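Undergrad: Model the full assembly from the supplied sequences, consistent with the hints where possible.
Protein chains: 2
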Amino acid sequence: MNKQNRRKFIAMAGLLSAGSAASAFPFNKAKNKRIVIHHVLFWLKNPGSKENLDKLIAGLKTLRKIETVRKIYIGVPASTEIRPVIDSTYSASEILLFDDLARQKAYQDHPIHKKFIENCSGLWEKVIVYDSIDV
Amino acid sequence: MNKQNRRKFIAMAGLLSAGSAASAFPFNKAKNKRIVIHHVLFWLKNPGSKENLDKLIAGLKTLRKIETVRKIYIGVPASTEIRPVIDSTYSASEILLFDDLARQKAYQDHPIHKKFIENCSGLWEKVIVYDSIDV
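Top line first, the protein sequences correspond to chains A and B. Heads up: the first sequence is residues 11 to 145, going by the numbering used here. Heads up: the second sequence is residues 11 to 145, going by the numbering used here.
In short, the hints are calculated from the structure, not lab data. Be aware that a few hints might be false.
Since copy identity is lost for identical chains, a pair holds within one copy or between any two.
Taking lysine-lysine and the DSS-like style, the derived pairs with C-alpha atoms no more than 30 Å apart in a straight line are [as the list claims (entries may be wrong)]:
1. K43 with K75
2. K71 with K43
3. K81 with K43
4. K81 with K136
5. K43 with K65
For clarity, every value in this text was computed on a predicted model and none was experimentally measured.
TA: Structure (structure tokens):
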């Protein structure tokens with residue numbers, strides 16, 4: 011490569027890296043944020059009913075569409091060791107990440123969230139929520 | 011750019027993208043994985059002691075160094091609404107993400123984790139663990 015083309019290459023390579031940086035922005039943006047984590051555990055009225063669990067999980071999946079949700083993890087108890095401190099009696103777990111408290115509040119008030127409660131709250135007998143914020 | 015240099019540029023640009031893909035690998039890799047989430051809530055013996063809380067949080071931060079930990083969130087109760095379903099009586103929360111159950115097990119058995127328990131278990135009076143796996 012001659013000097014002129016080398017310069018062109020460096021310029022184009024620069025554009026390529028700029029492109030990568032732009033697409034990584036949502037990750038970088040949050041680096042200095044204090045992430046808010048909203049963890050909800052659900053105990054079904056009929057824990058043996060696969061149909062009820064599927065309905066709850068389908069309902070939880072609709073929550074992905076709420077714009078202020080940064081990340082959502084929907085799970086069931088994992089088959090880790092059995093230890094007295096591990097509570098694996100729940101039916102489903104929902105872990106939501108938000109960039110701040112205002113976005114968590116917007117999620118609570120969102121029509122999709124309200125619809126989920128309307129459609130699914132008859133399925134569970136108990137819910138525990140842990141809201142935490144990064145230190 | 012002449013044809014030869016254009017070819018060189020394309021080859022080098024290819025290497026650059028290969029480089030980006032390699033560094034993004036840990037993210038891409040997990041897309042089809044069923045993430046395992048290990049959530050531990052700690053209740054301190056002396057919940058009013060900032061010193062004890064700081065010591066626990068410093069201990070939790072050492073866990074970041076364990077290679078199989080994909081992501082760690084260390085938090086305290088967030089000032090969301092007060093609702094009967096929200097439990098904000100705990101002192102600290104630790105949420106760990108793993109790519110699979112084997113990596114979670116490796117974390118449990120890791121010397122850094124054992125050292126943390128040795129140094130900090132005297133601080134807490136209660137621990138609850140929820141282990142879940144993505145559906």
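Undergrad: Determine for every hint whether it applies to the structure shown.
TA: Each hint, compared with the structure:
| no. | hint | result |
| --- | --- | --- |
| 1 | K43 with K75 | both (22 Å within a copy, 21 Å between copies) |
| 2 | K71 with K43 | both (25 Å within a copy, 17 Å between copies) |
| 3 | K81 with K43 | both (14 Å within a copy, 15 Å between copies) |
| 4 | K81 with K136 | both (24 Å within a copy, 29 Å between copies) |
| 5 | K43 with K65 | between (34 Å within a copy, 23 Å between copies) |
In summary, the structure agrees with every hint in the numbered list given earlier.
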